[in-house]
Amino acid sequence: MSRSGRFAAWWPRGAEHPEEGREPDPRFTFANERTFLAWSRTALALVVAGLGIVQLLPPFPGVPVGRHLLGVPLIVLGAVLAIVAYGEWVRNQRALRRGDPLPRSVMPWFLAATIAGMAVISAIVLLVSALR
Amino acid sequence: MTDHEAIGPEPTDPGASETEDGDAGLALERTSLSWTRTAISFAALGGVMLKDNVITGLLILAVVPLIWRLGRPPRSGSPPSGLPTVGALRIRVITASVVGVALLSLVIAVLGPSVPGALHR
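Heads up: the sequence lines are chains A and V, in that order. End of the first sequence sits at 132 in this note's numbering; the numbers just go up one at a time, nothing left out. End of the second sequence sits at 253 in this note's numbering; the numbers just go up one at a time, nothing left out.
A few of these clues could be false.
To be verified - Reference excerpt, derived from the structure (chain V facing chain A, CB under 10 Å, subset only):
| id | residue |
| --- | --- |
| 1 | ARG162 |
| 2 | SER173 |
| 3 | LEU182 |
| 4 | SER237 |
Said to hold, decoys possible - Here are some chain A residues the structure puts well away from chain V; computed CB gaps all over 10 Å:
| id | residue |
| --- | --- |
| 5 | ALA38 |
| 6 | ARG41 |
| 7 | LEU44 |
| 8 | VAL47 |
| 9 | LEU51 |
| 10 | TYR86 |
| 11 | VAL106 |
| 12 | THR114 |
| 13 | VAL125 |
| 14 | SER129 |
| 15 | ALA130 |
To be verified - What the simulated footprint calls covered on chain A by chain V, stretch by stretch (three residues with Cβ under 8 Å from a Cβ of chain V suffice, anywhere in the stretch; the number is not a length):
| id | stretch |
| --- | --- |
| 16 | 24-36 |
| 17 | 65-72 |
Just so you know, the hints here were simulated from the structure itself, not pulled from any lab data. Yeah, the Cβ is synthetic: ideal placement off N, Cα and C, and Gly gets one too.
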């Protein structure tokens with residue numbers, strides 16, 4: 001699929017045009033909305049964690065940019081997570097309207113990769129800080 | 133992930149779900165509570181941000197009533213089902229708000245003054 005095609009697939013046409021598919025059971029629509037909201041709160045938590053690290057943690061000895069190395073990616077990933085959550089909501093809503101199987105979610109993978117990546121960066125920063 | 137699992141079953145007739153088990157009303161209530169939690173999350177972040185940057189904190193706090201209002205169920209006079217219109221607009225508002233807050237936080241994190249060691253005091 002081309003890049004523009006992928007973008008078009010995420011754009012919420014199916015969620016807004018009633019003629020595409022039919023109105024799903026309200027319970028499923030609400031469940032999809034709650035899932036989106038839960039991911040949005042997770043994104044906010046990442047942003048708060050990143051801001052807290054940069055603003056409140058003491059500097060790492062020997063690693064002057066250590067706090068920013070940990071905090072800035074968390075904030076950026078929070079923003080990305082919010083956008084991906086929106087895309088997921090669109091895809092799920094479209095599948096519900098069409099009666100298709102729900103698409104596989106990338107969110108758990110994304111969050112797991114984020115946490116694992118941040119754990120690795122934290123370990124490196126702490127090790128470098130301890131060795132200097 | 134309970135919420136995600138709940139959308140798995142095959143869609144059924146909207147009218148039947150309401151009349152047969154009345155669960156649509158609970159779904160509405162759960163969703164409304166979820167919106168409330170989201171508004172509280174924004175309020176908490178805005179309150180924390182007030183300590184560092186008053187303007188940014190106030191900007192985030194200004195979003196809270198909007199989110200709260202978006203998540204409220206309709207009053208009487210709404211469609212017979214009593215269910216709010218589910219559209220993409222309020223989903224987009226939340227997404228834009230989180231991204232906006234993240235950008236503001238990024239600016240503060242990179243350019244703003246920090247209080248190193250504040251957690252140790």
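Next item on the list: Examine each Cβ of chain V, and state whether all of them lie more than 10 Å from the Cβ of A:SER129.
Entry: holds (14 Å)
**Prompt:** Would the least Cβ to Cβ distance between A:LEU44 and chain V come out above 10 Å?
**Reply:** violated (5 Å)
Distal placement of A:THR114 relative to chain V, Cβ over 10 Å
The assertion about A:THR114 holds, with a minimum of 14 Å to chain V.
ask   = Does the stretch 65-72 of chain A contain three or more residues whose Cβ lies closer than 8 Å to a Cβ of chain V?
value = holds (count 4)
Can the hint on V:ARG162 be confirmed by a CB-to-CB distance to chain A that is less than 10 Å?
holds (6 Å)
Check: When you look at the beta carbon of A:LEU51, is every beta carbon of chain V farther off than 10 Å?
Finding: Non-interface label on A:LEU51 violated, nearest chain V Cβ at 5 Å vs cutoff 10 Å.
Consistency of the no-contact label for A:ALA38, given chain V and a CB cut of 10 Å:
For A:ALA38, whose nearest Cβ neighbour in chain V is about 6 Å away, the distance does not exceed 10 Å, so it is violated.
**Asked** Do at least three Cβ atoms from the stretch 24-36 of chain A come closer than 8 Å to Cβ atoms of chain V?
**Response** Result for this restraint: holds, n = 13.
Checklist line | Minimum Cβ distance from A:VAL106 to chain V greater than 10 Å, as the annotation requires | finding: About 12 Å separates A:VAL106 from the closest Cβ of chain V, which puts it past 10 Å; holds.
- Quick one: work out the minimum CB distance from A:VAL47 to chain V and report holds if it exceeds 10 Å, violated otherwise. violated (5 Å)
Was the hint right that V:LEU182 lines chain A, CB cutoff 10 Å? Violated. Min distance 13 Å.
Test the statement that A:TYR86 is away from the interface with chain V: the closest C-beta pair must be farther apart than 10 Å.
A:TYR86 not clear of chain V: closest Cβ-Cβ about 4 Å, inside 10 Å.
When the structure is compared with the earlier hints, violations turn up for hints 3, 5, 6, 7, 8, 9, 10 and for no others.
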